[in-house]
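If you want the building blocks of each chain, they are given just below.
2 protein chains.
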Amino acid sequence: MSRDEGPPPKILLAHGSGGRLTYELVRDVFLPELSNPALETLSDAALLPELPPGTRPVLTTDAFVVDPSVFPGGDVGHLSICGTVNDLAVAGAKPLYLTWALILEEGVDGELIAACTRSAARTAREAGVTVVAGDTKVVPHGKGDHLFITTAGLGAIPENRRVGDDRIAAGDAVLVTGPIGDHGATIMAARHRLDAGDLQSDCAPVNGLTEALFAAGLDIHAMHDPTRGGVVTTCNEVARRSGLRILLVEESIPVREEVQTICELLGLEALALPCEGRVLVWLPEEQVEPALAVLRNLQYGTGAQQIGSVEAAAKGSVPVRLRNALGTERPLDLLSGMDLPRIC
Amino acid sequence: MSRDEGPPPKILLAHGSGGRLTYELVRDVFLPELSNPALETLSDAALLPELPPGTRPVLTTDAFVVDPSVFPGGDVGHLSICGTVNDLAVAGAKPLYLTWALILEEGVDGELIAACTRSAARTAREAGVTVVAGDTKVVPHGKGDHLFITTAGLGAIPENRRVGDDRIAAGDAVLVTGPIGDHGATIMAARHRLDAGDLQSDCAPVNGLTEALFAAGLDIHAMHDPTRGGVVTTCNEVARRSGLRILLVEESIPVREEVQTICELLGLEALALPCEGRVLVWLPEEQVEPALAVLRNLQYGTGAQQIGSVEAAAKGSVPVRLRNALGTERPLDLLSGMDLPRIC
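Chains as they are written, first to last, in our numbering: chain A, 1 to 344; chain B, 1 to 344.
Hints listed in this document are in silico derivations from the structure and should not be mistaken for laboratory results.
Possibly wrong hints are sitting among the right ones.
Unchecked claim - Just some of the chain A residues that point at chain B, by a computed CB distance under 7 Å:
| id | residue |
| --- | --- |
| 1 | P37 |
| 2 | E40 |
| 3 | L47 |
| 4 | L48 |
| 5 | P57 |
| 6 | Y97 |
| 7 | V132 |
| 8 | A133 |
| 9 | A215 |
| 10 | D219 |
| 11 | G229 |
| 12 | L298 |
| 13 | E311 |
| 14 | A313 |
| 15 | S317 |
| 16 | E329 |
To be verified - Once the Cα atoms are required to be at most 16 Å apart in a straight line, the calculated EDC-like pairs of lysine to aspartate or glutamate come out as:
| id | chain 1 | residue 1 | chain 2 | residue 2 |
| --- | --- | --- | --- | --- |
| 17 | A | K94 | B | E106 |
| 18 | B | K143 | B | D195 |
| 19 | A | K10 | A | E126 |
| 20 | A | K10 | A | E105 |
| 21 | A | K94 | A | E211 |
| 22 | A | K10 | A | D28 |
| 23 | B | K94 | A | E50 |
| 24 | B | K10 | B | E159 |
| 25 | B | K143 | A | E106 |
| 26 | A | K94 | A | E50 |
| 27 | A | K94 | A | D67 |
| 28 | B | K143 | A | D67 |
| 29 | B | K143 | A | E105 |
| 30 | A | K143 | B | E211 |
| 31 | A | K143 | B | E50 |
| 32 | B | K315 | B | E211 |
| 33 | B | K143 | B | E111 |
| 34 | B | K94 | B | D166 |
| 35 | A | K143 | B | E159 |
| 36 | B | K94 | B | E269 |
| 37 | A | K10 | A | E33 |
| 38 | B | K94 | B | D28 |
| 39 | B | K94 | B | E50 |
| 40 | A | K315 | A | E211 |
No experiment lies behind these values; they were computed from the predicted model shown.
Built from N, CA and C at the ideal position, the CB exists for glycine as well.
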């Protein structure tokens, strides 16, 4: 088989057995896109350069089982890199190295695997990370669904940089870097074959945004990417961990018209839809304007807004509330989550 | 729901949606077993202590889709920890931190998930590693198979320790730390409902073995764990990467009688069966005896043997050969791998 062979027409069980077909899949599909010195050794583990002295390592993982695998604005390959890069970025780390493990369904189109590999490679380059280790398994037809991708990411937090929910204080502002729910609405529309117009997933690497905030010298207290469970879940978790409560202001939360329409059609709540390229930022109230200026100057931050603020918790108080235009407040509770399987 | 709730009877799609049921699964099933400070924060990423100065990080990943999920000598939880610990160990690294991502099939028995979590936790404790980050996704019934686990591992190579195929030289000996093929034969016997007697998977963490070799001051050139594709595949890869050839001596390769029987019944080759708790070691010929003494003194190394040696490659020579008791040699080629899907 020549080196220009390209992807196989269909994935066979033997592509996951560690023998010649596995080797050819790696050589013809993965390496041409993801190539780098660590990966090219094809050894059991990737030996990496020493981390800069004083930095602390950060490790994260995510499994991606999104259905459909390809959607407006991305595919599971693109998503797999964004999700892991973003988990590192919101922890205050510079994302450095990723692992990329595939579980393929027997019979899946080899070109789909190649396309998702190209997306992943392109996004990794954009985010400045390297895929240093991988694995491929194949399960029989009917025991998987096209492809599942699990990534892990290693990042490093520079010395003297510390973000965490324990740093959040009453009086802090809550920012979002752009309209919410685009990813979730896009996936749900695709799955229900609804016309979503030009709506696309917001899926994007956010480490450019987070590093820009630090570079501007802002005192970032905490950051989170509102993925599964959306803004509602993230804010509830932050309230629980910080022991504070959060007030969100409905009018100030950016939601696209298409997202609102899809929510109404499908009975969803935009605030509970996942984003895959947005960051919630907690920082002192007086730094809101400079932070918004930094964010709005960047490709993925043009729609940045303050959406709420942090308050001291009173005994028996609701952790997260939403205030509408009339000044009426309602609790935003952690959802049971029945509605959105396989959204990422 | 109280904290003593235990696992749910069946996994629902909502257990993977990031809402309340996901949180309860993590709280009631994963945290009680895998608990540690990094994991307990349940944040997007785990912040780890600085690696010792001078050490180099090593990163690896593996997806585990073994069928059946539970087998004599282990289960996919145990296997998931061993596989990743071992990839780090044979790279010469001390395994430190693991990530653990689950893809569950809707309807799978919650007790199976809990049992695999207990196995994983027990093995992690034995190997001295910490599971610092995780993720859980659920796919609809018929789109997965019980549970798939993908792990990634971060280890550190101490300063001045270097192993790699480029260090292998003509004249080196090849050792194995115990009988080969036990894992593969166990899985294939279980899948074909063959009586394998007392045969069990050899699945075990090998970092105790590898660290003992280094502690004894031996000049370990390279190590590999012969997993998918077994000894045949590992030796072919080593021959390719090192540019040398390998001669294996059939009589000296430890294979259990039950494994040989299963191979004959199913038309398999023991040398191509995966091991999940064995190490192949390349080191100078004169260090064979002290190395075997170190290994045989340890729980997982009692069956250690020298099984072959390394030779200079001649033009057009076969990379890996097997010499039988009559002195006849045959090539051991990389298998196409059709025979053993979902063995790990």
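For each hint, the structure was consulted:
1. P37: violated (13 Å)
2. E40: It is violated, given that the least Cβ distance between E40 of chain A and chain B is near 11 Å, above 7 Å.
3. L47: Cβ of L47 of chain A sits 6 Å from chain B, so the hint holds.
4. L48: holds (5 Å)
5. P57: holds (5 Å)
6. Y97: Y97 of chain A check passes; min Cβ-Cβ to chain B is 6 Å, inside 7 Å.
7. V132: holds (6 Å)
8. A133: Holds - the Cβ of A133 of chain A comes within 7 Å of chain B, reaching about 5 Å at its closest.
9. A215: Hint on A215 of chain A: violated, closest Cβ of chain B at ~20 Å, above 7 Å.
10. D219: Hint on D219 of chain A: violated, closest Cβ of chain B at ~18 Å, above 7 Å.
11. G229: OK, holds: G229 of chain A within 7 Å of chain B, min 4 Å.
12. L298: violated (21 Å)
13. E311: violated (22 Å)
14. A313: violated (19 Å)
15. S317: Status violated, d = 19 Å.
16. E329: violated (22 Å)
17. A:K94 with B:E106: Distance of about 36 Å is beyond 16 Å: violated.
18. B:K143 with B:D195: Distance of about 31 Å is beyond 16 Å: violated.
19. A:K10 with A:E126: Not OK: K10 of chain A and E126 of chain A at ~29 Å, beyond 16 Å, violated.
20. A:K10 with A:E105: holds (10 Å)
21. A:K94 with A:E211: Since the Cα atoms of K94 of chain A and E211 of chain A sit roughly 8 Å apart, the hinted pair holds (cutoff 16 Å).
22. A:K10 with A:D28: Given that 16 Å is the threshold and the Cα spacing comes to 14 Å, the pair holds.
23. B:K94 with A:E50: OK: K94 of chain B and E50 of chain A at ~15 Å, within 16 Å.
24. B:K10 with B:E159: Between K10 of chain B and E159 of chain B the Cα gap is close to 48 Å, so the pair fails against 16 Å, i.e. violated.
25. B:K143 with A:E106: With a Cα-Cα distance of about 12 Å, the restraint between K143 of chain B and E106 of chain A holds, given a limit of 16 Å.
26. A:K94 with A:E50: holds (15 Å)
27. A:K94 with A:D67: Judged against 16 Å, a Cα distance of about 29 Å means the pair is violated.
28. B:K143 with A:D67: holds (11 Å)
29. B:K143 with A:E105: holds (9 Å)
30. A:K143 with B:E211: violated (39 Å)
31. A:K143 with B:E50: violated (41 Å)
32. B:K315 with B:E211: The hint is violated at about 37 Å.
33. B:K143 with B:E111: violated (20 Å)
34. B:K94 with B:D166: violated (21 Å)
35. A:K143 with B:E159: Violated. K143 of chain A to E159 of chain B sits at ~44 Å, over the 16 Å cutoff.
36. B:K94 with B:E269: Distance ~32 Å between K94 of chain B and E269 of chain B Cα, so the pair is violated.
37. A:K10 with A:E33: Cα-Cα ~19 Å, so violated.
38. B:K94 with B:D28: Measuring from Cα to Cα gives roughly 30 Å; hence the hint is violated.
39. B:K94 with B:E50: holds (15 Å)
40. A:K315 with A:E211: Judged against 16 Å, a Cα distance of about 37 Å means the pair is violated.
Hint check: violations occur at hints 1, 2, 9, 10, 12, 13, 14, 15, 16, 17, 18, 19, 24, 27, 30, 31, 32, 33, 34, 35, 36, 37, 38 and 40; the rest are consistent with the structure.
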